[in-house]
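Student: Residues in the sequence shown are numbered from 832 upward in steps of one, following this note's numbering.
Don't read these hints as lab results, they were simulated from the structure.
Careful: at least some of the hints might be erroneous.
Listed next, with one range per pair, are the computed distances between beta-carbon atoms [to be verified]:
1. 1103 with 914: 33 to 39 angstroms
2. 1165 with 963: 17 to 23 angstroms
3. 1091 with 1114: 24 to 30 angstroms
Yeah, the Cβ is synthetic: ideal placement off N, Cα and C, and Gly gets one too.
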Amino acid sequence: MTMTRRKTLALIGGGTILAATAAAGYDITRLPNAAVAPWGQAGQYADPRLRALSWAILAPNPHNRQPWMVDVSLPDTVILYVDPERMLPHTDPFNRQITVGLGCFLEIMRMAALEDGLAVEFDLFPDGSDAAVLDNRPVAICHFSPTDAAPDPLFAHVPHRRSNKEPYDMTRDVPTEALERIAQAPMHFPMEFTNDAVRVERMRDQSLRALRVEFATERTLRESVELFRIGHREVNANPDGIDFSGPMFESLRMTGLFSREASMDMEGFVGQQADAAFAENMLSAMAHLWQVTPDNSRQTQIRAGQDWVRINLAATAEGLGLQPLSQALQEFPEMSELYEEVHGDLAPAGGTVQMWARVGYGPEVGESPRWPLEEKIVG
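Based on the sequences and whatever the hints tell you, model everything.
Tutor: Next up, the structure:
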């Protein structure tokens, strides 16, 4: 994560950090290069299935858990499973967000296969599914076969897609025409949007209140904090979760000013600075977009994920930053009041709001860490 995103933290212990920088310049200037190497390795495999999968692992997913596992032991087939060790039981108790992330994975795999003249047909949850929890049954059996279908133009934006979690430029409006073009990207469910100033202001407030509910709930805050990767060594060793790398965070780690323990105290200095930084992000939204589905079945969640990554790629094509706002859509009890409020606003006719994002023009950000494809192959 970049210094820009948390620029308020740059004021922490100035003299201490300068001293640490002088004493340990090597560590402070290291970047987690190994953790982002899969972005450069995408498409570099002989087997077209592995080529497609090497792109699919770059898909957006909640808390960067990368919950996918794939079996490639059968010819022309990929079997997708979920890794039960990579759930978010407190913020995502029914594994809805995880399932949406798996849909993102499948859609990028499908688009990548088209680049090689291959169609992919999905047999979703062939052995059934449980609405309460994902289990060890296959999520999808994916069949590869030759096709004359044209490649998907959105695929060109996969290497450049980011979840932009920085403050957006509040002097630049998001054009309605750009949002209308993004809304053409989904294949299954319509995308809705607003850049109306009054409605955007209300949604800014809702997104910030929801974030504060998650932070104020000890178990949901701890779920995130336990996934912190602080400094390049931790990020390279575990290229998932929430990364804090770069000179500022190396300095804060070395001086003891930033740690998991300190992050659990929302009344302490780190907690207050984090709240200020996230408030700056939420309140800089210049537009919002969201998805509503008529039901909330596992198959629907997968298709919502397919649409969601297409929306991400279309936003990338427009030069727009996009950050998911998942907190108010989470189904834990403390969030229920805001959950109902947001659903009343965004889905007044009923249905499930699967995803919601703030949109705007933001700074350039780097790639998120990823496990190598080889670590995700089973069977």
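Student: Hint by hint, say whether it matches the structure.
Tutor: Status of the hints after comparison with the structure:
A hinted range of 33 to 39 angstroms for the beta carbons of residue 1103 and residue 914 is consistent with their spacing of about 35 angstroms. With their beta carbons about 19 angstroms apart, residue 1165 and residue 963 fall inside the hinted range of 17 to 23 angstroms. Between residue 1091 and residue 1114 the Cβ separation comes to about 27 angstroms, which falls inside the hinted range of 24 to 30 angstroms.
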